[in-house]
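As you go down the protein sequences, you meet chains A and B in turn.
Counting from 15, one number per residue, gives the positions in the first sequence under the numbering used here.
Counting from 10, one number per residue, gives the positions in the second sequence under the numbering used here.
Be a bit skeptical, because a hint or two may be false.
[Unchecked claim] DSSO-like cross-link-like pairs, simulated, lysine-lysine; straight-line CA separation at most 27 Å:
no.	chain 1	residue 1	chain 2	residue 2
1	A	67	B	67
2	A	50	B	58
3	B	67	A	23
4	A	52	B	116
5	A	54	B	116
6	A	23	B	116
7	B	67	A	32
8	A	50	B	78
9	A	54	B	58
10	B	86	A	55
11	B	58	A	52
12	A	54	B	86
13	B	58	B	31
14	A	54	B	67
15	B	78	A	52
16	A	52	B	31
17	B	31	A	50
18	A	50	A	23
19	A	55	B	67
Read the hints as simulated data drawn from the structure, not as lab findings.
Computed from a predicted model, the values in this text were never measured in an experiment.
Next come the chains, spelled out residue by residue.
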Amino acid sequence: DTEVTQTPKHLVMGMTNKKSLKCEQHMGHRAMYWYKQKAKKPPELMFVYSYEKLSINESVPSRFSPECPNSSLLNLHLHALQPEDSALYLCASSPERDWTEQYFGPGTRLTVT
Amino acid sequence: AQSVAQPEDQVNVAEGNPLTVKCTYSVSGNPYLFWYVQYPNRGLQFLLKYITGDNLVKGSYGFEAEFNKSQTSFHLKKPSALVSDSALYFCAVRDMGQAGTALIFGKGTTLSVSS
Chain A
15 DTEVTQTPKH
25 LVMGMTNKKS
35 LKCEQHMGHR
45 AMYWYKQKAK
55 KPPELMFVYS
65 YEKLSINESV
75 PSRFSPECPN
85 SSLLNLHLHA
95 LQPEDSALYL
105 CASSPERDWT
115 EQYFGPGTRL
125 TVT
Chain B
10 AQSVAQPEDQ
20 VNVAEGNPLT
30 VKCTYSVSGN
40 PYLFWYVQYP
50 NRGLQFLLKY
60 ITGDNLVKGS
70 YGFEAEFNKS
80 QTSFHLKKPS
90 ALVSDSALYF
100 CAVRDMGQAG
110 TALIFGKGTT
120 LSVSS
């Protein structure tokens, strides 16, 4: 299985809602990533987990809260988002030791109303 | 800090013609370079990578890239373009910082192949 899956594919939420994005991989990768991507722009790194521990937090607002319950699963909890947070949220994974490329999921298209 | 630059926002080419999408890099140490493609409303798909070895790297869907150390370039090429190659292409470099490893992307180049 060489796939990274993300759910849901689309999400519309109000500014007072609480929602979560889910990412899963079964490739035995020990590093997982969250990126935010605006239309026709490059992905921007948000968080990196290595061996289920947060190793990089790129100054992301606290309304985004990542969680890595186990080595296969990565969540992004959302609370009190702003309309400018509307974007494609991409999850990726890579082998920790022999890091040669990242594998990306299809993304969750988030719209904040 | 590691970085890559894609000087063209858009490249237009006719089907059947060769295509080139440009990328230059700035790194300290040996570069780990990548090309990814993104189709509309989809995630990123890995095309190819340069780690070490031959300067001409072959990848998925008939794409190849040439690593040129003297020009600090890693241009993506294909001998004969297809309409289905129309997409957004990203060049990227691996950045190994103290806190971890991540990809640094160029701004992206939109490839449009006309029939």
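Which hint numbers doesn't this structure obey? Failing hints, ascending: 1, 3, 7, 8 and 15.
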